[in-house]
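Enquirer: Chains A, B, C and D, in that order, are what the protein sequence lines are.
Residues in the first sequence are numbered consecutively from 927, following the numbering used here.
Residues in the second sequence are numbered consecutively from 927, following the numbering used here.
Residues in the third sequence are numbered consecutively from 927, following the numbering used here.
Residues in the fourth sequence are numbered consecutively from 927, following the numbering used here.
Hints in this document: simulated from the structure, not taken from any laboratory.
A hint or two may mislead.
Remember, identical chains collapse to one label, so a pair may be satisfied in a single copy or spanning two.
Derived lysine to aspartate or glutamate pairs resembling DMTMM-like cross-links, with alpha carbons at most 20 angstroms apart [said to hold, decoys possible]:
| no. | residue 1 | residue 2 |
| --- | --- | --- |
| 1 | Lys1162 | Glu1295 |
| 2 | Lys1287 | Glu1252 |
| 3 | Lys1092 | Glu1202 |
| 4 | Lys1287 | Asp1343 |
| 5 | Lys1175 | Glu1295 |
| 6 | Lys1137 | Glu1202 |
| 7 | Lys1331 | Asp1247 |
| 8 | Lys1137 | Glu1290 |
| 9 | Lys1316 | Glu1156 |
| 10 | Lys1331 | Asp962 |
| 11 | Lys1137 | Asp1083 |
| 12 | Lys1316 | Asp1037 |
| 13 | Lys988 | Asp1083 |
| 14 | Lys1162 | Glu1290 |
Protein chains: 4
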Amino acid sequence: MATNRQLAQLVKQVRNKTVELCQPLLIEDYVIQGIDDVSPPKWHLAHTTWFFETFILLNQLKGYQAFDPLFQYLFNSYYQSLGNPYPRVRRGILSRPTVETVYQYRKYVDDYLISYIDYIPMQQLQTIEPIFMLGLHHEQQHQELLLMDIKYNFSLDPSFPIYHEKNKKSTAKASRPLELIHVEGGTIEIGHRGNNFCFDNELPRYQVIIKPYLFATRLVTNGEYAEFIESEGYQKPNVWLADGWDCIKKNGWEAPLYWKKIDGKWHEFTLNGLQELNLAAPVAHISYYEADAYARWRNLRLPLEVEWEHYATQHPTILRDGNFMEEGLFHPRVSTVTDQQLLGDLWEWTASPYTPYPGYKPMEGALGEYNGKFMSNQFVLRGGCCATPKSHIRPTYRNFFQPDKRWQFSGIRLAGDA
Amino acid sequence: MATNRQLAQLVKQVRNKTVELCQPLLIEDYVIQGIDDVSPPKWHLAHTTWFFETFILLNQLKGYQAFDPLFQYLFNSYYQSLGNPYPRVRRGILSRPTVETVYQYRKYVDDYLISYIDYIPMQQLQTIEPIFMLGLHHEQQHQELLLMDIKYNFSLDPSFPIYHEKNKKSTAKASRPLELIHVEGGTIEIGHRGNNFCFDNELPRYQVIIKPYLFATRLVTNGEYAEFIESEGYQKPNVWLADGWDCIKKNGWEAPLYWKKIDGKWHEFTLNGLQELNLAAPVAHISYYEADAYARWRNLRLPLEVEWEHYATQHPTILRDGNFMEEGLFHPRVSTVTDQQLLGDLWEWTASPYTPYPGYKPMEGALGEYNGKFMSNQFVLRGGCCATPKSHIRPTYRNFFQPDKRWQFSGIRLAGDA
Amino acid sequence: MATNRQLAQLVKQVRNKTVELCQPLLIEDYVIQGIDDVSPPKWHLAHTTWFFETFILLNQLKGYQAFDPLFQYLFNSYYQSLGNPYPRVRRGILSRPTVETVYQYRKYVDDYLISYIDYIPMQQLQTIEPIFMLGLHHEQQHQELLLMDIKYNFSLDPSFPIYHEKNKKSTAKASRPLELIHVEGGTIEIGHRGNNFCFDNELPRYQVIIKPYLFATRLVTNGEYAEFIESEGYQKPNVWLADGWDCIKKNGWEAPLYWKKIDGKWHEFTLNGLQELNLAAPVAHISYYEADAYARWRNLRLPLEVEWEHYATQHPTILRDGNFMEEGLFHPRVSTVTDQQLLGDLWEWTASPYTPYPGYKPMEGALGEYNGKFMSNQFVLRGGCCATPKSHIRPTYRNFFQPDKRWQFSGIRLAGDA
Amino acid sequence: MATNRQLAQLVKQVRNKTVELCQPLLIEDYVIQGIDDVSPPKWHLAHTTWFFETFILLNQLKGYQAFDPLFQYLFNSYYQSLGNPYPRVRRGILSRPTVETVYQYRKYVDDYLISYIDYIPMQQLQTIEPIFMLGLHHEQQHQELLLMDIKYNFSLDPSFPIYHEKNKKSTAKASRPLELIHVEGGTIEIGHRGNNFCFDNELPRYQVIIKPYLFATRLVTNGEYAEFIESEGYQKPNVWLADGWDCIKKNGWEAPLYWKKIDGKWHEFTLNGLQELNLAAPVAHISYYEADAYARWRNLRLPLEVEWEHYATQHPTILRDGNFMEEGLFHPRVSTVTDQQLLGDLWEWTASPYTPYPGYKPMEGALGEYNGKFMSNQFVLRGGCCATPKSHIRPTYRNFFQPDKRWQFSGIRLAGDA
């Protein structure tokens, strides 16, 4: 458990990081919402603040006065038990509060948080700390969302704005060869263990029987995915799920989200601007449907989430030095001989729908809406990505998206029956 | 294995049953399509025939000439590998082929099938019989779909047509009390066993660890569900999945599909016409979202499909005498002291998304599209219903629907953590 | 004014004609609704009957009992003052009442009408006759709608059903040359004159000043329109109204409604089946947007409705022998030296929005909804077509459709500033 | 004709006014687009600049280099002959160019314009001046659009931002009584006369015969419109056009656009913030459908545009001192004894669809798309409003909107048959 001082330190550090990520933005960039799925950056700044204000200050700090009562409505994301939230799809049509006011809101709440932490008695800290930790991990999720959403918004702009000039050029032009490792099956344990923070959806730890399986030693590359496109994979219904086929036909998809063919050459929009496609780098921004179809086309499949977690926890040494947000690349790296890309680089689609673990209990009260209510029509992704804070990820971490979403940094890990 | 004579007998029997189910229809009833999900009855009659024509006659019978080449397009449901099918949503705007022509088509194909069976040599029968069996089970699925679709179409008609005058009145006004049976967990086996017919999605049989669980001794009744409505269950976001909440708000749902309040009293549209709601009978035509919300409101949950199958196979004696299509009620019955309603009455939503069993292999060729490609965004239902042919169902049978669908005969089985 | 006997005769004649037009239909053909705009043939049969039942029998005949009270709801087209009508877009999902019941409905109402006419006293006949006349002209409008709707429904069927085998082949392969007649302007009178039947929207007659204008001596032909297509007229935004451009791009239109290119050759779907396009025949089934764009491309324009009426009433001799419903062609004819195609063949789009004449008064009561409430967002068409009963049309007759509609038999008359 | 100096003066004055109108905006306010109909303020600033750059500098000034070639795409509104414009509905998802860049763009173009004007030789000025004048009137149209769009955007914000604190309070609580003036008919002349600027759609002047008519001496007030609401006017189908009825039911309209009932009292959102409704002030932000229904409910009608122009030109003395943009109220005023509100206050819906005058010729080239291509599905409004620059309006001026639009400052002038 953290001391008051450590907690205060952590709060400052994480909260400041969010602000730091917004440094390259101009005021106008904070306002826009390119599609319903993304949120304006200023909304993220305010909503993460609202989270602390709502679940800590208003709940715990006697006499605390909300910065602006209207914000309880505007910056509630989806907590129906706190009242009908402002509609998500209309976040991009509000010019007020201004960016400046949102930063004042952050300062106001941060100041209260820090002084509040200061005087929490030891015994109370024990019950309050988990909510702080939840708020910080929540903030880290929105740090990644900020990068995802900025990337999406910028990609719609025909001037292709650059969020970040890459300083360390990733010049590797060849990835390690793709091997499929044979892993023995058996009765294994899955789920979070120990006292460190985890989300409710990683619990309770439980036993499961798995069969022997094959597991790829790296992510699928752009070059490999380009073969799928060239072999007319997007025109072959037999490798697609029925919903996937409908999805690509309805949306006219014929390549990953950010690929653009310019003068006959594939390019890719990145947070470093529009780049020529590096065939050795992992294919990114792929829907579940595309990941699944690609695997099927290779006569393989996506891993189950229990296989993924089993493999990852069996290989602790390869989990170090992943390509996370802190690297400042904001783009997946070419795999090297020592890097299996398990943590970092890209989230990896698993073949597992997002369901509760046996005996799952959501948190009490409004926080019970954090995770549990999304357990339908989504698939689990594992491993974090180049936009995920390093301290945020674990091998038991479960991310989830609808199978047609692809603005997250998602990639393909192949697996198979042994 | 069946003899040629037995097979011919079976084919006639099943094929005639489909025609028999259409006897109450007037010609106009065969043509309409009330919503995209349902198909006109004449389409079902033709499509099941197309299945035999395509996968048996055209494939196996040398020199066979299709009844009408256009039917290969019109009555292909979703087999993309056989060419782009006629759009599902436009089935109700075709007046031709007429009902009479469709019956001629059935006779033409049936005559060929019967004479073909006659002369299949023993050794060939072994490889052909499975396709016949698949065609017959496919036909049985469409028998149930016919009843579902006729019910839906008729429900839209303000004159509330009666498909079938109930002959044996189900007069029971009280159901057995609802008990929750405590069942031990452990390592169990799931999936089809033996040589009888099953679909590919019931295989391969595999081992799974389950925890102790609670399992209800009957389906939830209309009266119990009415309590949920009266307690404003449809206005309480905290018992709903996020997608479920969106679904009921978007569609304005405030009760099961066929409930209608007339002069302050709940009525229910049935294949026997509009009836006053029997509070003791099982609640029917419920979406997954509603079933899940109801269970959550009772502080329980829906069973996993492995729990359902485990419970059902542990209680073989209670599987007899279910309320199936052959009963001719086409409506669920009030549970009796000896009837746990496991098979028949209503399909029971499970909390399990529809996914492949470990090691699942779809069939070869176009038939590979039969089941596998639907394994996303759907939930498994178990147990069959009052519109399912008795010989069609098994405890290992996996039905599946999107969680917002409710025109199937679906109900609620409660379960819980022990 | 008609005698009772004459009126009874007329009622029988017109009502029977509607039934006669349905003779080629099979029962299934009566049920379908290909798009929202069209209605199932059985709906037309019932609605025209409802019109007489509602506005004559229920209003005038003491003690008359409605055939079925539900029909007051089902077959009310758009008379809001008679209660909320059954939704237009859902006419095609009702199998009941059956075709047989609808014919019984017609007989029931016709029998009452005929016996009622028999005993109307002379003085009452004067006030009742106009409503009978309105009912009969209404019935004639639906005769044309029946042909339009059957054509549209059949066109969606890949088997291209034939409504009517053409008996007299229209073999002409060349039309008269297109001349533009110079007509003097001045102060003219427009609108219906005399005691014969007309709709309220043709009144009151009024004075208007027109400028000299040019008026084409025949309709635009398929061949001439094909030149527009070949010159990439559908890709040239500058000849289109802004709404027209949006319309053709959104709908992907690149040719008139029923044109289909088969093996590089234009064909046209007609009530006589799919035919090779006769380049000399008038181009048909064209939206206002297409007609307007074509005229603009020719550096001409469409006529104003006052120009059309002025020209037509100046040329009474050319109004005879038009190609109407009675010809039984149900398709426009090639123009001949003596035929300027003013009445019959195709409705002619005018450049005039559908607005009331100065001093216009709608009918009293529910019948006031007949015409007046549609006076926005529509354009006037003049002249009748090959599906219009001959006794239904007059030079002052104003038809009207939204500018994006093209399932009516519409064509292009060119005009210009002199 | 203007001298070079006068023209330069005028250009500076009008261009500066646009910038002045944006002074109250914060940067974020420039970016948003509340609905498809409105545009972000920064788009207006850029588009009006693009107009001068495209039609003057790029066309006339040899060697001129576009500020940014991408702007030719981004800020083209609807000129298809200049290439496919950036989609209107996506204007609000672009953060770049920034507001600062847009102001630089304005300065860059203004500087070129002013120096260009300086050296235009007299004889060339004659041909160039009309394009300058068009650009300035275009700019004035966008000044009004800016105010309309800011008002709409702000109205969606639950904090109800204030664009402008009213300085001169309009305290009048009673309007002059509504009289209907009887005006004689006859043959009159309509359309622009003289050498001053007008749009192409005001020409050519032509003769038309009108009947005697009644014309109201002021606009309909909020109080009078509230009577319509209270008498359940929005629930009475018989006073509505069919399209109007569909429109209000589909959109759930039950009051003018900016009316909000708060604690049982009507309020109105204005550019001066949310205000209690002044019953004596004119009802504003009304669709054609509502204006038409209101008039019908009063047994009157809307004026024809020829009646409006006839009345206005007959009463030149009442045209002075209207309530225009320059007043700085940005809201209609209560009518006074001497003020018939013909020019200024609110645009007045006429019953006339927007069509070309007899002999109308659009401008040559791309500028031909300015007005003519919108002549379908719109109605003419006359008179200007409190957001219209005074020098922009004339009695012959024709504004036009689709009948379901109401974000423009529109009101109701009653008229009738004499």
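Enquirer: Next, verify each hint and record whether it holds.
Expert: Structure-based check of all given hints:
1. Lys1162 / Glu1295: between (40 angstroms within a copy, 13 angstroms between copies)
2. Lys1287 / Glu1252: neither (33 angstroms within a copy, 43 angstroms between copies)
3. Lys1092 / Glu1202: within (14 angstroms within a copy, 55 angstroms between copies)
4. Lys1287 / Asp1343: between (32 angstroms within a copy, 11 angstroms between copies)
5. Lys1175 / Glu1295: Classified as between: cross-chain Cα gap 18 angstroms, same-chain 34 angstroms, threshold 20 angstroms.
6. Lys1137 / Glu1202: neither (41 angstroms within a copy, 52 angstroms between copies)
7. Lys1331 / Asp1247: This pair counts as neither: shortest intra-copy Cα distance 28 angstroms, inter-copy 46 angstroms.
8. Lys1137 / Glu1290: neither (36 angstroms within a copy, 23 angstroms between copies)
9. Lys1316 / Glu1156: neither (36 angstroms within a copy, 49 angstroms between copies)
10. Lys1331 / Asp962: Within one copy only: 12 angstroms inside a chain, 25 angstroms across chains, cut-off 20 angstroms.
11. Lys1137 / Asp1083: neither (47 angstroms within a copy, 51 angstroms between copies)
12. Lys1316 / Asp1037: Cα proximity of Lys1316 and Asp1037: none, with 26 angstroms in one copy and 52 angstroms across.
13. Lys988 / Asp1083: Neither: 46 angstroms inside a chain and 31 angstroms across chains, both beyond 20 angstroms.
14. Lys1162 / Glu1290: between (47 angstroms within a copy, 16 angstroms between copies)
In this structure, the hints that do not hold are numbers 2, 6, 7, 8, 9, 11, 12, 13, in rising order.
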